[in-house]
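Asker: Those sequence lines, one after another, are chains A and B. No gaps in the numbering here: position 198 of the first sequence is 198 in this note's numbering, and each next residue is one more. No gaps in the numbering here: position 107 of the second sequence is 107 in this note's numbering, and each next residue is one more.
Keep in mind the hints are simulated off the structure, nothing from the lab. It cannot be assumed that every hint is accurate.
[To be verified] The following residues of chain B were derived to be distant from chain A, with all beta-carbon distances above 10 Å:
no., residue
1, 14
2, 69
3, 162
4, 224
[To be verified] Example chain A residues on the side facing chain B (calculated, C-beta under 10 Å, incomplete):
no., residue
5, 312
6, 364
7, 408
[Unchecked claim] Coverage of chain B stretches by chain A, computed from C-beta distances (three or more under 8 Å per stretch; other residues unrestricted):
no., stretch
8, 96-104
9, 134-145
10, 151-159
11, 230-238
All C-beta atoms in this analysis are idealised placements derived from N, C-alpha and C, irrespective of residue type, glycine included.
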Amino acid sequence: MPARRGAGSPGAAAAFAGLAAPWIALALLFTVLPMIFASGSALTMLSLMGIMIVFALSYNMLLGETGLLSFGHAVYYGLGGFLTVHAMNTVIHDHLPVPLPLMPLVGGFGGLLFGIIFGSVSTRRAGTAFAMISLGLGELVASSSLILRGFFGGEEGVTTNRTKLLRVFGLNFAPQIEVYYLIAAWCLLAMLAMYALRRTPFGRMCNAVRENAERAQFVGYNPTMVRFMAFSLAGLFAGVAGALAAINFELINSASVGAEQSGQVLLAAYIGGVGNFIGPVIGAVLVTWLRVMLSDLTDVWQLYFGLLFIGVVVFAPNGIAGLVMRHEPLWQARAYGSLLRLALAYLIALGPALLLLAGLIVVIEMSYHLSVKASEGPTISVFHLTLNTTSVWPWLGTAVLVVGGYLLFRRTWPIVDAAWNNALVAAQGAGKAK
Amino acid sequence: MQELVTISTLNGVLYGMLLFLMASGLTLIFSMMGVLNFAHASFYMLGAFFGFQIGQIVGFWPAFVIAPVLVGGIGALVERYALRHVHRHGPVAELLFTFGLAFIIEELVQMVWGKGPADYRVPASLDYPAFTIFSTNYPAYKMFELLTAVAIFVVLFVVLKRTRIGLIIQASITHAPMVAMLGHNVPRVFMLVFGVGTGLAAVAGVIAGPALVTQSNMAAALGPILFVVVVVGGLGSLAGAFVASLLIGLVQTFAVSVNLSVADVLGGIGVAPPTGGALFDVWNVTVAEIAPIMPYLLLVLILILRPTGLMGTREH
Numbered sequence: 001m002p003a004r005r006g007a008g009s010p011g012a013a014a015a016f017a018g019l020a021a022p023w024i025a026l027a028l029l030f031t032v033l034p035m036i037f038a039s040g041s042a043l044t045m046l047s048l049m050g051i052m053i054v055f056a057l058s059y060n061m062l063l064g065e066t067g068l069l070s071f072g073h074a075v076y077y078g079l080g081g082f083l084t085v086h087a088m089n090t091v092i093h094d095h096l097p098v099p100l101p102l103m104p105l106v107g108g109f110g111g112l113l114f115g116i117i118f119g120s121v122s123t124r125r126a127g128t129a130f131a132m133i134s135l136g137l138g139e140l141v142a143s144s145s146l147i148l149r150g151f152f153g154g155e156e157g158v159t160t161n162r163t164k165l166l167r168v169f170g171l172n173f174a175p176q177i178e179v180y181y182l183i184a185a186w187c188l189l190a191m192l193a194m195y196a197l198r199r200t201p202f203g204r205m206c207n208a209v210r211e212n213a214e215r216a217q218f219v220g221y222n223p224t225m226v227r228f229m230a231f232s233l234a235g236l237f238a239g240v241a242g243a244l245a246a247i248n249f250e251l252i253n254s255a256s257v258g259a260e261q262s263g264q265v266l267l268a269a270y271i272g273g274v275g276n277f278i279g280p281v282i283g284a285v286l287v288t289w290l291r292v293m294l295s296d297l298t299d300v301w302q303l304y305f306g307l308l309f310i311g312v313v314v315f316a317p318n319g320i321a322g323l324v325m326r327h328e329p330l331w332q333a334r335a336y337g338s339l340l341r342l343a344l345a346y347l348i349a350l351g352p353a354l355l356l357l358a359g360l361i362v363v364i365e366m367s368y369h370l371s372v373k374a375s376e377g378p379t380i381s382v383f384h385l386t387l388n389t390t391s392v393w394p395w396l397g398t399a400v401l402v403v404g405g406y407l408l409f410r411r412t413w414p415i416v417d418a419a420w421n422n423a424l425v426a427a428q429g430a431g432k433a434k
Numbered sequence: 001m002q003e004l005v006t007i008s009t010l011n012g013v014l015y016g017m018l019l020f021l022m023a024s025g026l027t028l029i030f031s032m033m034g035v036l037n038f039a040h041a042s043f044y045m046l047g048a049f050f051g052f053q054i055g056q057i058v059g060f061w062p063a064f065v066i067a068p069v070l071v072g073g074i075g076a077l078v079e080r081y082a083l084r085h086v087h088r089h090g091p092v093a094e095l096l097f098t099f100g101l102a103f104i105i106e107e108l109v110q111m112v113w114g115k116g117p118a119d120y121r122v123p124a125s126l127d128y129p130a131f132t133i134f135s136t137n138y139p140a141y142k143m144f145e146l147l148t149a150v151a152i153f154v155v156l157f158v159v160l161k162r163t164r165i166g167l168i169i170q171a172s173i174t175h176a177p178m179v180a181m182l183g184h185n186v187p188r189v190f191m192l193v194f195g196v197g198t199g200l201a202a203v204a205g206v207i208a209g210p211a212l213v214t215q216s217n218m219a220a221a222l223g224p225i226l227f228v229v230v231v232v233g234g235l236g237s238l239a240g241a242f243v244a245s246l247l248i249g250l251v252q253t254f255a256v257s258v259n260l261s262v263a264d265v266l267g268g269i270g271v272a273p274p275t276g277g278a279l280f281d282v283w284n285v286t287v288a289e290i291a292p293i294m295p296y297l298l299l300v301l302i303l304i305l306r307p308t309g310l311m312g313t314r315e316h
């Protein structure tokens, strides 16, 4: 650890620059992205990714930091969105001098408020019981949305108009690019806040409660209180995400508090990896991209999502970020040669894996076509090939692809194993030589 | 009034029995393996669809036997080849695996049978009124459901308490390593219990399918209520699950027939309702309208008053 230096010394300035550099780079990236991907659909997707990043990071505060698995996190997202929409409508109706960029604060406040209310009940239990309670509360709110029609607007939801608020710097937020920059700014702010929170003593106590709640009690902290505070703050950021979604779509309805929305954020955060800060960001970007791309390509995209999720749970429980972070010791030890050989081994294993994957995809698509869409004729188009689902040849071909792909894939496992062990040994050797 | 109370009690007890058929399997699996099977309601749905499909081929009664055995077999395979592998990644990974499994089963069911309801009918041999109470005909099929549920509980009780395998299962719940050291194949016992638990859920599906709607959203509709039952009863307590199932069954059935609202009650004593705003809905909603969310309100109440559930033990 570097020794403490005086505030004015050049060492401290360099340290601060080191801390701030990634954030400045991120801000630059956010600014430059819409210039690279300038089409309308790309802008929409970028906005969706920004919203999902904030939502997934708030979920990570619960699962990754405090070890609380929640199946009803969308409640705070949706309720924050509903409060924002009602606030926007009030501002428009009463001509109040409140500009649009301040509106996510209302969402955050709403998320915090309901986080405190529901958290006081939910956080009395932990672990599996907490997960079930979060599910029950989520269902309670989702079902209430059809009963309390004044607030939730019934099945159609509540709409608003984001262009009618007070104009700042001549912006009326009608074009998508302006909304994107608003979302990007709030996303950056939320990311900074959540990252900072993680580094505070409170954040560390959340980690301690996750690891061993009884031990944390002996140190002097009440685990229930820590969980309650983490829950409320996670609700705050989820409310901000909900407000951004409400601004983006100018509509919010009961689906935003529902189980499907909760499942989506769980998927995004877990696939990305809940042990790291960057994990949910990766997961949010990937899941949003897949949702938009896959639903255009196939009808059973939800099934692929489920299979991807199960694959991550069974084979890579730390998510994509976890997989990448496993290589960090190798990178730190600068064992670049063996890293390169490892990458080569991965590439060799990738070939058969892709064959296996392609075979499985064709099987799923053909089965789906046969069972549900048989009335549309026997042929389907997969990977630009036209296949006749009623004839035996495509099925034989896919069987060969799947079985052959799997066997070849298994053959490559020892290669990857050997490369990994070599890399580890080289890293240890390089570490000792230092 | 008497008629309403009697019919509602019968229906409530029946619904509670169905819930307990599923909750018992869930509680057994949880007590033994520490994993709350999120996909339990999905096995219920599979039971209903398998019962429907097999029934189309061989008739209701063979399907009644074959479908639960098939689903139980699938459950055992899932335990043996997937759950055991995920177990070493921790309890969160196990719960998330069953969550993903529930998702996938729902998608597969939608893929094979479509999103609409399946035409699963009450078999002709049971399609007559069993008896008449106060001028309402009570269908024989519902009596069959009730009798099946009771018969299964008796069998379950006898097996658990009076047979050798039941003794081993009871011991494995609390002292699995010791039982293993005594020479029993504990992993096989786990597989058996998981298979039987999911088989029980499938039986509930086969008999409830014709009475309730057989559709791909069955699991999503019943799943949360099932978990409320186990939390209210106390995680890991079979007796608690029984009490909670009956309670929720009766509460929900009686609530549907009550048409009172806060406005009616308070209006009777002279308090005027608000004319608009958010409170207007709360004032005027009737008990019948909030019947679907009564289990969740009960959950919140229990959490405030008695967080470990009605018969739950201290947090371990």
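Asker: Tell me, which hint numbers fail for this structure?
Answerer: Structure breaks hints 4, 7, 9, 10.
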